[in-house]
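Colleague: Residue strings, one per chain:
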Amino acid sequence: MQWEAVIGLEVHVQLATQSKIFSGASTAFGAEPNTQACAVDLGLPGVLPVLNEGAVAMAVKFGLGINAEIPETSVFDRKNYFYPDLPKGYQTSQMYQPIVGPGEVEITLDDGTTKRIRVHHAHLEEDAGKSLHEDFHGMTGIDLNRAGTPLLEIVSEPDLRSAREAAAYLKAIHAIVTYLGISDGNMAEGSMRCDVNVSVRPKGQETLGTRAEIKNVNSFRFVEKAIAHEIERQVELIEDGGTVVQETRLYDPEADETRSMRTKEEANDYRYFPCPDLLPVVLDQAYVDHLRATLPELPAEKRARFQDELGLSAYDASVLASSRAMAEYFEAVKDVCGDAKLAANWVQVELAGRLNKEGLDIADSPVTAEQLGGLVARVKDETINGKAAKQVFAALWDGEGESADAIIEARGLKQVTDTGAIEAMIDQVIADSPVQVAQYREAAPEKRGKMIGYFVGQVMKASRGTANPQQVNALLKDKLDNA
Amino acid sequence: MHDKTLTELAAALAAGEFSSRELTESLLARIDRLDGELNSFITVTADAALEAADRADAARAAGKAGPLSGLPLALKDIFCTRGVRTSCGSRMLDNFVSPYDATVVEKLAAAGTVSLGKTNMDEFAMGSSNENSHYGPVKNPWDLAAVPGGSSGGSAAAVAAGLVPAALGTDTGGSIRQPAAFCGITGLKPTYGRVSRYGMVAYASSLDQGGPMARTAEDCALLLGAIAGHDLRDSTSVARGVPDYREELEASLSGLKIGLPREYFGDGLAPEVEAAVRDAIKVYESLGAEVREVSLPHTELAIPAYYVIAPAEASSNLSRFDGVRFGHRCENPADLVDLYKRSRAEGFGEEVKRRILIGTHTLSEGFFDAYYKKAQQVRRLIRQDFLDAFEDVDVLMGPASPTPAFDLGTKKDPVSMYLQDIYTIAINLAGIPGISVPAGFVQDRPVGLQILGPHFAESRLLNVAHRFQQATDWHRRQPAFGKENA
Chain D
1 MQWEAVIGLE VHVQLATQSK IFSGASTAFG AEPNTQACAV DLGLPGVLPV
51 LNEGAVAMAV KFGLGINAEI PETSVFDRKN YFYPDLPKGY QTSQMYQPIV
101 GPGEVEITLD DGTTKRIRVH HAHLEEDAGK SLHEDFHGMT GIDLNRAGTP
151 LLEIVSEPDL RSAREAAAYL KAIHAIVTYL GISDGNMAEG SMRCDVNVSV
201 RPKGQETLGT RAEIKNVNSF RFVEKAIAHE IERQVELIED GGTVVQETRL
251 YDPEADETRS MRTKEEANDY RYFPCPDLLP VVLDQAYVDH LRATLPELPA
301 EKRARFQDEL GLSAYDASVL ASSRAMAEYF EAVKDVCGDA KLAANWVQVE
351 LAGRLNKEGL DIADSPVTAE QLGGLVARVK DETINGKAAK QVFAALWDGE
401 GESADAIIEA RGLKQVTDTG AIEAMIDQVI ADSPVQVAQY REAAPEKRGK
451 MIGYFVGQVM KASRGTANPQ QVNALLKDKL DNA
Chain Y
1 MHDKTLTELA AALAAGEFSS RELTESLLAR IDRLDGELNS FITVTADAAL
51 EAADRADAAR AAGKAGPLSG LPLALKDIFC TRGVRTSCGS RMLDNFVSPY
101 DATVVEKLAA AGTVSLGKTN MDEFAMGSSN ENSHYGPVKN PWDLAAVPGG
151 SSGGSAAAVA AGLVPAALGT DTGGSIRQPA AFCGITGLKP TYGRVSRYGM
201 VAYASSLDQG GPMARTAEDC ALLLGAIAGH DLRDSTSVAR GVPDYREELE
251 ASLSGLKIGL PREYFGDGLA PEVEAAVRDA IKVYESLGAE VREVSLPHTE
301 LAIPAYYVIA PAEASSNLSR FDGVRFGHRC ENPADLVDLY KRSRAEGFGE
351 EVKRRILIGT HTLSEGFFDA YYKKAQQVRR LIRQDFLDAF EDVDVLMGPA
401 SPTPAFDLGT KKDPVSMYLQ DIYTIAINLA GIPGISVPAG FVQDRPVGLQ
451 ILGPHFAESR LLNVAHRFQQ ATDWHRRQPA FGKENA
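Here the protein sequences line up with chains D and Y, keeping their order.
All letters in the first sequence, in the order written, are residues 1 to 483 by the working numbering.
All letters in the second sequence, in the order written, are residues 1 to 486 by the working numbering.
Be a bit skeptical, because a hint or two may be false.
As the list claims (entries may be wrong) - Looking from chain D toward chain Y, a few residues come up when the C-beta cut is under 10 Å (computed):
no. : residue
1   : Val40
2   : Leu42
3   : Leu48
4   : Val50
5   : Tyr81
6   : Gly89
7   : Tyr270
8   : Phe273
9   : Pro274
Since the hints were made in silico from the structure, they are not lab data.
Each residue gets a CB set at the ideal place from its N, CA and C atoms; glycine is no exception.
Just chain Y, with the same shape it has in the complex (with noise of 0.2 Å):
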């Protein structure tokens, strides 16, 4: 059962060739057997996860059941969750269970889909590599040397493992197309604003968005439609109707106008990962797509840009973690100062007290103006790029990162880390989606194909995505991790 797609599980469960009881013990047995060694988990709730495969299975034997029921699937663990601990990967929130269900919690309960638990992720989403989490590093299934991208690392390595079908992860920078790509998987981060963010912890406010990570495109579609939508809790989710993202899977792409930014072919890109994403534009071509090169002319301001708003904005939302009425509070705080100091101290892990002390910095009078205003002015010329390019072409095709998963200790230069991101971080400063499709293996680690579309062109990108899958079998490949104990 763990090598089917979420929409074959689907069909399977509507068909009764087993239950979503069965399909649930078996994933829960599977996670017990392999996880230790990859660590993607942080809580796995097995006796909710029973309890809602149960009421799943009774539903569908009341004729009540819908397209997501009874399908299991992992939550990113910065996704609130009541009754259940909600670390953000931070020593800072070991302790805190959450009182209340973020948006997209609720909505995939109501669905009738039964989460397994809670994946491991770089500390408050901030990490390329997911090396930054409190629970320690996740592995990636292809290559246990090897790490799995992030911040949605343990999504992403759950789901390539068979442990899951389906994981929600988010994505500020790259969080879920880069550790999509460096697992093999398929991870879409949709436009700004069309999943609520209520309930995801907040890292950068203007650039966090929740989306869902898969074995294909067609899986991304099935649970995109679940929890996309417009949430009065959230001022800055976009009312606009929710299409069935299934509905144009199936069109052709005869004529579609693929651009190649020129910008996301230079220096830095493995020479490997370029051969593999040239051969998957070729895909395109002999299903009738026209390719050509396109600017983007700022793309090299995105990382500076991106490194001045996200922590200006993480310095202020990380704010309210001090000690005083939730998370790890320091022993025996002498006053008020010590308190915040040693609790905040203690709490936060290196990367994001690293961001905190720039974004503070940065915000500071007399700096304020030099970086904040003048990286919300670059990012309007980076967004107006894109709406530039777009004119001309339907979609945009690039790499999803420079190079394949990297091992495991082998970044120690924050801004090496940081240059990881150069082809996914703009994507956010812009507010588009884009998708990340596995498109081949250098030295057997998968390269993600990444696929970006004007605001809200989800059901086009999806319907590339899938179009590219139907030809080839990347997707279908699957890591020997995991293999020889099945």
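Only chain D is shown next, with the shape it has when bound in the complex (with noise of 0.2 Å):
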């Protein structure tokens, strides 16, 4: 049988505002243990929380970034469970009457073509704190710090069918959070976490399957495998005659499974009702108007720009556009080189492929924007050749120059375009190798584009990489055939 997966995922972001969703506590991350809560963190008797306007502005740019309803009004709602480290025995949370309604976002897929996923909701919510249970001898430690940091909870429909695809929303929506500014994105520190609903069915079939939800999976790669594995899980299980039942599951990375947390029928009732200590959110049109005005352009914007302005591939387009810091990066370079193609190759092969060997962000590259725009600005004007171009940026990269031209003047890497010159050593290279010469000459026609590979080399060498490769082909083509 075809089974299909049907997939939707809850992204929590974490907002990057200074202060804490209620409190004027910072939320600054690696503080020592409970520094960074305050009386109202802690959950005090007596105390109240004021709400942070930086997470309602934050949260209503995002819904004006996936084109969303904003409504005017929405309400914060208290979500009741214990836990040692939800310090106030209920989350502040939005139930009922979230800040951002149905919206989209668009994804990109293998083959470079797009899908729209549409965005139930998005909700404001305050973070827990987090138990530690090392070091504390059989007793659990609390730390604070994080509670009450301020959370956008971005709730998809179930629109992803593939563990692909869902890795693909999940990319998206990072690049839109990053293009926003609205959080640093840093999935190592758990600025986005995400809980995904999972169920299959047979191809074809309209009713869904009862789902399962992962908790807590905290990286693209294991959002992927996460669900691959619970796809696989799930279609075994109902091959083997068995049901899924409706469970709340935990992604284990180590051993790549998942693993059952709790069921439906021990799930918390969580007795959600509006918080009283906080008024309703109105929000009125000239402030979501102002909100809309500061909006950077966005992904999917950028991409369409950068394909139908600048001629980029589909391909090419999706991937400089993927994140805020690339996107940047990339049009830097081209503004300086004037020409979006080289531009675009230079970000995605030498820069990309050095970055990623090394392991490092494009924001740590240790060549600017600036440098690299010329570089490539000299390679569009034949100041160098390729060859050339790959030794300025590698010395760019360690440092050992200020810009291109800088490294170019001082290594006499300039192209040799001067016939003459070109000429003097191409005949010293002919006359150095006799025999390769007379093999040349007796070989058949269509034998000899290979050979003259050989000669084009010894020039190259005797030029130290700067002579023209182009002059020097069709210069040597002539000299060795015309003789």
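Dock chain to chain to rebuild the complex, using the hints, since each chain is given by itself in its own frame.
Modeller: Take a look at the structure:
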């Protein structure tokens, strides 16, 4: 039987506010435990929450970024449950009237085509603290630094059909929030976490299968693996005559499997009700319009512009628009060198390859966009050839020069295009290679194409890589063939 | 000194008749002598009080005294006070020393007042008799066999007994007005949002409001001016200027339109209480007011709606008392669930547990719409009743409580206790202000007249109460308790 997976994601994005959603304590990552938890975060008797306007603005920006409806009124509710890292015994969230209504996110599939994924809503809520189990000798430590950190929970419709699509969706959300500057998107520090709902059904069937929820999946790779594993588990289960039960599962990246955490029967009744300490959030049109005016160009728009205006391929446009840092870098290179395709090529091949190899993010690139643009400009105007360009790039990477021009100058890498000079080098090579010349001339014309490579190599070597390869080729051919 | 009003004490301090230290020492001595029997204080902060009194005297000597400088008062033990136990009348918080001050505590300290300590109360403000306190019941100074009312019973009894000229209380369903009535003092519940709730341990957040309790309306006006105002730390506090509430005290009542809600004079109202209230209305007529009957048709729904909404909020508000970070923790918990269960079972009293259970139930899946949502709809109807009534009249008047103070230990059934609040509870649901003023006695126990006004009409209420107090002397009467010892 052919199976189809139906997947929905709940993505929790940590918003990049300076202070917490309901208190003035700092949200900075990595401080000593409980040094960033004030009376409000500790849930002391008598304290009250005050909503951080910055978090509201960020949520609204996200909504505008996915063309969502922004309801005039949204309301905070309390989600009640007991847990030691939840100081008040409830989480302040938005259950019934979220700040962001229905919208949609465009994802790029492996074949370069795009698909629209509907977002059901996005709501604001506070994060809980952390339980620490190590070093407490059978006890549990609680760190409340994270308690009260603002989260935007983005809930998709079950529009995703594969683990790859889910990963692409998560990447698209990551791109949007980092473009908007509303989150640092740092997955390793937990700035983006997601819960995944997965069910399977025979292909062509309308009704949905029973879903399992996988909690707390914290990287693009794990999302894909966890879903792939869960789909496989459910299909095997059904094919072996079993049934999927509605439950919450945890993904264990080390064992690469999901494990049952609790079933529906064990699920909490959260007793949601409107938080009486917070007023409904009422957004007037002028406020929303003001935020709309501050929105940067977003990934989908950028992708379209890269294709339509810059003539890049769908693939190139999609890769370069995938993150704000990448797109901004590319556009800076393009602006300096004046050639979008060359710029795209250099950013994606040389730069991305080297960053990848060194495990660096583009934001940490030792070669600035200005520098790379200067290098590409010299390639474009043929001041240097491709081979020299690679040397210049390596030198820039290693910090051996301020600019491409300085390195070209210092190392004499300027391309030699003077026909007389090239001819002199060719004559020398021909004179030094009597055996190879004889072999060449004896060979059939269709074999000569390959054999000329040797001579080109020698001439380039003699020029220390600076001779124009096209000129070398043409002149060599002429001299060898017409002797 | 102990029989003077706050206003008289302010004048005496200003005139140099005695110092704040002398006044404070005298009241501390009185507390020491009398409160063993009365039990109105949970914690007396004598050292801090004397220091504050000395500071106030020094400020006065330096010409920097404000209108409240050096005036002693007490705080219901629901207001967080830095460095002082804030128990909320509960075993759960018996060991809780607050690391911060409530906004009103800060404001009163900044105004130079001298807090003598923290007063007894029904646990977490849940009760109408002060019998639900971990620290034992408070006695009514008018009759030690009677309850002082609740939940601000300690504040009311302390003022009535002359242990302190004024105190802060809180009112969620009548907890300032009913004990004020039972103890023969004046107590004002301000408009919801008028006084910051920051640092006031929450019972039912959408209903709780702090307010002044004192001998006279004039004293309440003085104190309200010091504690009212917008607070950036309380989103439900209202950004609205604070007038000098004493300015309109003397305004004429000629032409004042008083409405008597038909529903507040029906079954269950003790005839002697009704007679006292009707006599008080006659006083108003003699002052030029016009009286008419009005209707608040949804009155009978107030208690049921309140006992859905308040416990629902309480069940959530009290979740933080889990034995993890502060408050009572059981001995040797076996695991997390055991820690929660035993800490809460041991830390909370009967009535608190009852309301947590009610609230947890009414918020549960499958019951939420039938209870909580319905109660909120009823709440809107009740509020509308008042708004409609205030289209026709300036203030509403009626009894604060259907009976005078009842005897300790006589109301065992929780529902009969809940019915005590029949005339006060709707006011919290509507968010409007209300004041209780002494209006007579029934068998030597005080009767309170309740006066209600539209949102933010505190100045008017205080004016209406003050003019009555100029025409009567009920508020001047003092119990025999404490006199023979004086």
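Colleague: Using the nearest Cβ pair, does Val50/D come within less than 10 Å of chain Y?
Modeller: 5 Å, holds
Colleague: Given a cut of 10 Å on the nearest C-beta pair, is the interface hint for Phe273/D held or broken against chain Y?
Modeller: Holds. Min distance 6 Å.
Colleague: Have a go at the Val40/D hint: is there a Cβ in chain Y nearer than 10 Å to its own Cβ?
Modeller: Hint on Val40/D: holds, closest Cβ of chain Y at ~9 Å, below 10 Å.
Colleague: Verify the interface restraint on Leu48/D: the C-beta must sit less than 10 Å from at least one C-beta of chain Y.
Modeller: With a minimum Cβ separation of about 5 Å from chain Y (threshold 10 Å), the hint on Leu48/D holds.
Colleague: Is the hint on Tyr81/D kept, meaning its closest Cβ partner in chain Y is under 10 Å away?
Modeller: 9 Å, holds
Colleague: Given Gly89/D as an interface hint, is the shortest Cβ-Cβ distance to chain Y below 10 Å?
Modeller: 2 Å, holds
Colleague: Does Pro274/D pass the interface hint, meaning its C-beta sits closer than 10 Å to a C-beta of chain Y?
Modeller: Because about 9 Å separates Pro274/D from the closest Cβ in chain Y, which is inside the 10 Å limit, the hint holds.
Colleague: Once the shortest beta carbon distance from Tyr270/D to chain Y is found, is it less than 10 Å?
Modeller: Since chain Y brings a Cβ to about 8 Å from Tyr270/D, closer than 10 Å, the hint holds.
Colleague: Return the status of the interface hint for Leu42/D: holds when the least beta-carbon distance to chain Y is below 10 Å, violated otherwise.
Modeller: Leu42/D check passes; min Cβ-Cβ to chain Y is 6 Å, inside 10 Å.
Checked against the numbered hints listed earlier, the structure breaks none of them; every hint is satisfied.
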